[in-house]
Amino acid sequence: MANENQTQVLEETNGLVEEKAKRVRKTKPKTTEGGTTASLFGIEPYQPKKNEEYMSEGQLEHFRKILLAWKEELMSEVDRTLNTMQDENTALPDVNDRATQEEEFAIELRTRDRERKLIRKIEQSVEAIKNDDYGFCETCGIEIGLRRLEARPTATLCIDCKTLAEIKEKQNNG
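Under this note's numbering, the very last position in the sequence shown is 174; numbers go up by exactly one each time.
Hints are supplied without guarantee of correctness; some may be wrong.
The calculated label-pair distances, taken between Cβ atoms and stated as ranges, are [to be verified]:
(1) I167 <-> P48: 29 to 39 Å
(2) K117 <-> D160: 36 to 46 Å
(3) I107 <-> D132: 34 to 44 Å
(4) L164 <-> T90: 42 to 52 Å
(5) D94 <-> E73: 28 to 38 Å
(6) N51 <-> K121: 41 to 51 Å
(7) R80 <-> E44: 23 to 33 Å
(8) D160 <-> N96: 49 to 59 Å
(9) E143 <-> E103: 39 to 49 Å
(10) K65 <-> I142: 17 to 27 Å
With a straight-line cut-off of 27 Å between C-alpha atoms, the simulated BS3-like cross-links for lysine-lysine are [claimed, not checked]:
(11) K121 <-> K162
(12) K117 <-> K162
(13) K65 <-> K117
None of these hints come from the bench; they were simulated from the model.
By construction, the Cβ of each residue, glycine as well, lies at the ideal position given by its N, Cα and C atoms.
Start from the sequences, fold in the hints, and give me the full structure.
What follows is the structure in structure tokens.
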């Protein structure tokens with residue numbers, strides 16, 4: 001009798017798992033082109049029009065939207081962190097719990113510090129858009145490229161200059 005009940009429960013469980021698996025397989029995952037920054041904010045990657053000039057008004061507006069959406073996301077994270085730290089800032093009686101909480105706060109603050117620097121870069125990029133300097137390498141002056149800017153909207157160097165800078169950095173630090 002017990003074996004029959006166990007068998008019945010197993011069959012029902014297997015049936016539910018198979019049914020759920022069928023439902024999961026039916027939904028198609030969203031695919032994005034290379035996982036660009038734009039796709040994170042629901043902005044479609046820019047498709048240049050035929051014979052369109054590099055960094056036209058449409059392109060500049062596209063990247064301005066990406067940068068502002070990214071900045072807004074980072075600012076909301078700052079607010080969330082501030083609220084979390086204020087709400088959880090209680091003196092825990094256990095020393096280990098207190099140490100864990102302080103370590104979590106330290107990690108969170110380090111992350112926010114990196115994001116603060118990123119916000120500064122985003123603001124510089126928005127300013128470069130206003131000054132029509134966006135999308136061109138600071139070192140050599142050539143086009144950075146739409147796909148590179150889609151992946152890293154705050155890029156200020158073309159791929160060749162960035163590669164050279166990284167090699168020099170490795171040589172100096174190594």
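Hints, verified against the model:
For I167 and P48, the Cβ-Cβ distance of about 31 Å falls inside the hinted range of 29 to 39 Å, so the restraint holds. The given range of 36 to 46 Å is broken by K117 and D160, whose C-beta atoms sit roughly 24 Å from each other. Distance hint check for I107 and D132: the Cβ-Cβ separation is about 40 Å, which falls inside the suggested range of 34 to 44 Å. L164 and T90 have their C-beta atoms about 51 Å apart, which keeps the hinted 42 to 52 Å range intact.
Checked against the hint of 28 to 38 Å, the C-beta distance between D94 and E73 comes to roughly 35 Å, which is consistent with it. Take N51 and K121: their Cβ atoms lie about 32 Å apart, and the range 41 to 51 Å is violated. Look at R80 against E44: about 27 Å separates their beta carbons, and that is inside 23 to 33 Å. For the pair D160 and N96, the supplied restraint of 49 to 59 Å holds, since their beta-carbon distance comes to about 51 Å.
The beta-carbon spacing between E143 and E103, approximately 45 Å, falls within the hinted interval of 39 to 49 Å. For K65 paired with I142, a C-beta distance near 24 Å keeps the hint of 17 to 27 Å intact. Proposed proximity of K121 and K162 is supported: the alpha carbons are some 16 Å apart, at most 27 Å. A distance of roughly 19 Å separates the Cα atoms of K117 and K162; the hinted pair therefore holds under the 27 Å criterion.
Simply put, K65 and K117 have alpha-carbon atoms about 19 Å apart, close enough for the 27 Å limit, and the pair holds.
The structure shown violates the earlier hints numbered 2 and 6.
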